[in-house]
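Peer 1: This is what each chain is made of:
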Amino acid sequence: MSLRPPIAIGLAMLCAMAPARSAELPKAAPVPASPFLPVIYKYADTLLERGRDTFGPISTGFFLSALDRTTLGLLTNRPPAPAGVRETSRAGAKNGALTCANLQHDENLLRLLFTLSELSAKPKYSNAAAAALTAFLTRTPSTNTHLLPWGEHLGWDVLRDEPAPADGARLGTHQFFRPWILWERCFDLAPAASQQVALGLREHHLNPRTGALALQADFAEHGLHDELDDPRQAGFFLRTWAIAYARTGDEQFLRACDRLLARFEKRISGPVQGAVAVSSLSLAIDCAGAAHHVPKPLSARLRTCAAQADELFCGLPHSLKESHGFIIGSNLVVSRLWSAEPGTPTTAQVALMCLSRYENGAKLLAYREFIHAAADIYRNSSPPPELDLWPGTLGHVISLQLAAWRSTARAEYLERARELGRFALDKFFDQSPLPRASTKSEHYETITGADTLALALVELHLQVLHITAVRCPSNSIDR
Amino acid sequence: MLSTMNLSQVARSGALLAINLQCLMVWGFSGIGKLNSGVPAWFGDKFGKNVLRQFSRGSDAGRQPHSPAMKRPAHTWILRRLLANALALALAGGSYLQLCARAASELSSDSAAPDLLRVVRLYADTMIEHGRDTYGPQQSGLLLSALDRGTLQLLKVRPAPPGGIRRGDRPGRAWVEMNGANPMLDQNLLRVFYTLSELTGEARYARVADEELSWFFHHTMSPKTSLLPWGEHLSWDVVWDVPISGGEEMMHEFARPWVLWDQCYRLAAEPSVRFALGLWEHQIANQKTGGFDRHAPYFEHGPVDGKDFARHAGFYIGTWCYAWRHTTNEVFLRAIETLLARFERKRVQRDGSLAATIGPLDCELAATMVPDPLASRLRAFAAKEDELILARLQAGLSGATNVDLPPAWQTGYSAGTLAGEAMFCLARYEQTGNPAYQKLIVAIADRYVDATPGEDVDVWPMSFGHVISTELAAQRLAAKPEYLQAALRFARLAVEWFWQDRPLPRASLKTGHYETITGCDSLALALLDVHALIHGLTNRIPSNTIDR
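From first to last, the protein sequence lines stand for chains A and B.
Under the working numbering, think of the first position of the first sequence as 1, with each following residue one higher.
Under the working numbering, think of the first position of the second sequence as 1001, with each following residue one higher.
I should point out that these hints are in silico values taken from the structure, not numbers from a laboratory.
Check before you lean on any hint, since a few could be wrong.
One-sided excerpt, in silico: chain B residues whose CB lies under 10 Å from chain A [said to hold, decoys possible]:
(1) P1159
(2) G1164
(3) V1242
Using N, Cα and C, we set each Cβ at its ideal position, and we do this for glycine too.
This is chain B alone, in the form it adopts within the complex:
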């Protein structure tokens, strides 16, 4: 699985570890007197009479007094052991120090404009080298969703949460060290990896992403519900090799839409279909009305008809449309139709007015895959959603006092920023070319051109990523130099504030560890987009529009 790891490094480390273990088993933590007294009588019974002879050479074998099988005296062995230890430490620390040195040179705050591709590559390289699951019995190669930025190792604690992050949403068990991998939280990082392979021509980045998706879909699915340990509350504990929850219950819930279905069907088609079916059978409580709760038990069947947050219906529709395309199993059409009908009804309020529900994005996407008449119905639904959403956003941006616009920088659970709204507008504009969305993107970009985060706000990297992507979108749509300048300014600030002098970005301005839940992957994606724009690259950088 870890084909991308440096094999010679693994071999060297393994050999050194073996030597150390042998020494430790023979000599324990003993003093010089004990070492000189030779091997105890019970040793042969326990480990076999010939075990130490493997280390002997020729006629020296079995020679006393220092050891039965070693021709050198004990102090030579102690010396060698110390050297071996030092070498092992050097090997372990070497790559860490190398990365830190790279970080220091590439992230120097003296640099007026850091090389953004190098910053993102440094992040990716560090994750490949230090941030994959090499722990526990199953070394899955999954990318850790949180790490200690100081040591580039597993966290030994559950670190202080970034502002607005709920306890039960983090990638690790409650109150103990946080060692989870949650591909849904890392989704934009996986997209960054695929993009890096395109930009650099190095296949290893895409291979890591492929390995993650393949392993995750093949090994972590619940045998009873076919749901995956990812999303808002679940993750895969890389040390214990079991699915875990950040809270008290093992509840499956999407954290954001999953846009990597094409890759999943390429790498793990059968598990992908099983998941899509599991979503219909074990997340949807009432298959007639479409009633569901965004939470569904992972281990056992047990969905309830409760809080059917509309955006989650969009995520399910966005899952089933791919399943339909790959299987043409009618059940997926029925699933889409059922939820669509539910929200066609729920859109109408008690007083007869209409309110936006699912949003247009997933419906429009599904419409490109499913046949008519469902496709037309999805498109019509999306168009109505547009009307409702546009009215609210336009009123808010024109200063209407009865519409609350989101804050500029502060993010929290279920509370995005204004730039996040711009990302929604961008996604919809990319689908439809509706000029109303174009105007909104530019209007929001204008608000950020001279902005900086407010005092004492614990800003997330995601917020910066969205602001940068907003400015870039405005630059592409309105072609004014101030947007690109603003994007560059924010990119430079983001590198300075989040990466600082380390190879990994921190989770927020008030924390120091690495944790993708706050969207450092989205920020990295935005930085790649800046790089592509200023270098005139024609590579397609994925849209930074999935944090919704």
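Looking at chain A on its own, in the form it has when it is part of the complex:
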């Protein structure tokens, strides 16, 4: 047997390892392919043309939160809910057709539209988003509470032009679905109405006697439910009031922040269970965000609270390599990779919360390691074919891979994001410009994060082509 092949291979490898030694540069590398943006423009264009409220007595211009993917029109029925979606949270009155607009379900869609206008220099996208926001803030608040018909259990029925309680509650149930990151835009577009909403939140969600925060409140009249002091929900309120203070100078908002924060300052130290820690992580993001808008000493207290929440979350014995998830519940229950449901974040969702803290100055480098570890898990994991996958989940994983790519400069993360992006086009944007509500659904419904996936695909496009003139909003609000 000759030794020539091994030697040749060895020398070839040596040559490959050695730096190139030629003054002749190799041919210029081709521009990488990015098929994602045209699909997103088509999605946005379709919504602008077919997915806005032109129904009923008043054409509000709100974006429908559910549509028929085939006719691109209003749904006349109530399609089966994607796996994990609660009927009481869908974009329709209880047991009714899905004919509602819920701006909190569409929050990332609005952010997407503002971004697309920057990318394309076409104002039609941001104009549509701004019009929807303005109309929503000025036309839909409860006259009694000034709360908005949005969130976890409310929507705006575009046929009847009235609030629609998804849970069937007579007075409607107001509860945040996710943090509202668009307050600054709201104050730009409709300052007085935005101030009223912020005041309504203070008057109708806070117990004036105890200062406890009600998770839910009646929409149509004053009425507090579930005074649970949930850290996650508290963060949404703190963010709202901090921005309201910054934009109005109204000290009522400072006092509301102070009062609510005081309740959590006491609770956020010491041993806690996973669920509280994840909820506190979300609170940390909002505390840090709110701190930018209020003066000392409140800003310092908010930052301290965020830092305590960081310690609390990072102090849990997360072992991603072994368990493939973060501890998110009692008895060391860990997050799941692909299976989503309300109130139970996936590993990618938690990792994106870590990312938000990491990129906003959290002291703990543990966050960086969590992000990398979570990205590694998804690099080697694909959604089970039998799973009813949500688009939002895929969007989170794509954004997570991109975060790891930015942090490590390792190409495998970007490549994985591209793979998942192509998978997303294939599985969700097939046969229609509107994405499916889930891999097993035929209709469009944003509660499962079609907007989040779209945002992730824009982020992917910008990363693939190294575009920085437009900055993609952070994909970390699904918490």
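Let chain A serve as the given structure and place chain B on it in line with the hints.
Peer 2: Below, chain B without anything else, positioned relative to chain A:
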């Protein structure tokens, strides 16, 4: 060239590499059976009959069966080879681990106040050890303008860009691994190196900077245009040893003013003059009107009269004044006068109003070197620029709604921060002592005293550097303790956020690699200034005012 490298380390690595290569050439990637079968018949024809005898000793030479020239059996050689490999890996990894350990101890986030000199030295030492060009046929010793912070090695990709950084401005070819050296992007790092030598008494830092400037000016200049592969779009590829562009065209454009001309004339006088001439002949399209475009082809003559961004005229004037001082060649005076005249005209708007153009800094600098009447004309021009600029800044800071002030933290292409404006004010104040600039510096410092970067902003290290330098300038001008406290707070944050637990700073808050385009060199300079102030040092720390 690499005189500052550890020679014994190079020798050891070389010896180990040689052993490994020999083993690999003889045995290839073969199994034990092949190893035991001895050397093939063709080996002597290919490498010479006696090549392996060099490894033999005395009467053992040529002994079989394991090898013709080795007295030990094959497994001993395999073992030795494995040991050699392990040792080579240990040597390569040793210094990396040492630096990481140093980073961990010196950048500990528990530390209330990190030793800023040590932080900057760690950065400089790491660059000297891992961040110089030891690649390709020409091991130039140039400092890499981007590195993998995790491995402290060349980047294997073109990493994600920091927010606001354009594709074509980065130190590497488009879409492939980013391996460029761009001294203009590293200018403040070179100034840091010179300063470190003064602060520490160790000449090696200044030597590295000298070597970079000397090699770059002597080896990379375009033979036809005498322009250099640096600035906004060009760099030197350290692997391929050729000038490259971050975009599609080889366009010369200044990225910021070049303030190291004194060093360049000391180290490479003749190339420095050639560059200055090249700038006049190949960047300026119309030598009568001074028409130019900030872009000019590097390889061939081909300037056009297009987008003559005014600030670039300042950079050219700042180049030619040194050339005049060193040569007294009248062509440089003519060049300065031509551009000055151009912008004296362009300052007048169509409606008769006046607008600032070149800015006062480079004109004032040139006025200190060139003779009258040009010097006086330059000074008068600078004074008028002052009027126009001051009016805008004063209005903006007093809340005028028709003046847009820059953002506090977010930076991007051609878009600096408010602290960047303070750096301009500082530079001008240092030139003239104009109290109006002093007031502006203090007013801007006040705005940052309690500030933190906004949510989700991809902050650059340069922004932090400018904020720190603004607070230090205010401290020196107004002597209030809050400015120094603010500078210290920002310095501590900057170390925590950009260095983290690594010896090199990262390019921005949302990226993880090292890349000087976002101004980690400016941040390092600011940290040295903090160190000097809190330790009462009398050493002159260069002003952090060249990012404009």
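Peer 1: Now look at each hint and say whether the structure bears it out.
Peer 2: Results for each hint:
no. : hint  : result
1   : P1159 : 4 Å, holds
2   : G1164 : 5 Å, holds
3   : V1242 : 6 Å, holds
Of the numbered hints stated above, none is contradicted by the structure.
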